[in-house]
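First residue of the sequence shown: 1, per full-length UniProt numbering; consecutive thereafter.
There may be inaccurate statements among the hints.
[Claimed, not checked] Heads up, simulated DSS-like pairs for lysine-lysine below, C-alpha to C-alpha not over 25 Å straight-line:
(1) 102 x 77
(2) 77 x 346
(3) 346 x 122
Derived by calculation from the structure, the hints in this document are not laboratory data.
Every value quoted in this text rests on a predicted model; they were computed, and no experiment measured them.
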Amino acid sequence: MFSKGKAGSRLYPDYLTTNFYVNEIVLGAGEHADVLKVQSKNSKEFYAVKRLLRTVQGAMERYRYLNEVRNMWRIEKSPNVLQLLEAWEQKGKIYMRMELCKLGSLKSALLAQKKYGGFDEKRTWKCLSDLASGLRAIHDSNIIHLDIKPENIFITAAGALKIGDFGHSITYPVEKKDITEGDKFYMAQELLNGHCGKYSDIFSLGMTIYEMITNRSGDLPGEGRHWHELRDGDFSLENITDRNRNSAEGALDTPPNELSSTTVLTTSSTTSSLTSVMSAGPLSGSSVSSPFESVLGSSILKSSQQRVFSEDLIELMKEMMQPDYLMRPSASSILSHPKIQRILSKRNDATSKGARSEEAMSGLLLQSV
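I would like the entire structure built from these sequences, with the hints used as guidance.
See below:
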């Protein structure tokens, strides 16, 4: 077992099956790891266990693979960061037991909500509040995540967002040899030039908010002109409208030139404002089944006929995606925004009263009013 504070070398060949019932359904799978749902034989509680797929070859490789374990244990406990409970090596593979987020990933939620018109501003602010809070805890612990994206953000049964998957994370101050680029759809441009800092996570957070505002989950650019435009601070929507004109439900008579303040998004095909051309409409030929959708059902997953995004939110998103990375706000600065302060104040008031009210819960479960 690897203890918190140091990485031991003791092996536990049958620890998983001795102590847990393992669900046959894999919660998630990637190139380097998969995630299993398990139940403790003693407490009967459910957990998520991340299993690295590659067998460890020697002490140096073990040290490198344990980077994720060390960094997760460095982070001060936060309600918005996924908690690592224990880690061990079994038959040459590293295992990490973590708390289980029953509503799956934010990516699944965005895809499920996409066909209903996307998240409204109120829920987007509350998601931003949770994510900035999690990033502040990570950055205050001198960890840089380097892979902030909806796929690595998880939703608890109460609707709180938690940042997880620290496989790309590094410690601060940064050594160039440790820098990894993460997901090209969300990565900051400065990483390509060997510059890396907490500001790189802020850009990825901005891209996540951009994805929510534009309802473009699964449709972000991974290369080409628009990839560079977003990283150069150019929010022109000309190439979005051109590409999606034929597939969207209801074309624009006059496409908007840029994503501007007080932008109106709508699922109606009759509006002359920014329409489902931008929000991309239903998923073509596909259906999304996720814990988020199956548990919450149609009471949460419903269309907002008009999605209005304020100047405050649009400008904050642009600041997070600022090309000059030294000018991006810190996670603490984002949390100091008056809109987020009001959210946190209402949540704290409700919590102090012992109420499980909507305002005490995180953004996803809060419907627009």
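Okay, the hints, checked on the actual structure:
no. : hint      : result
1   : 102 x 77  : holds (19 Å)
2   : 77 x 346  : holds (22 Å)
3   : 346 x 122 : holds (13 Å)
Of the hints listed earlier, there is not a single one the structure fails to meet.
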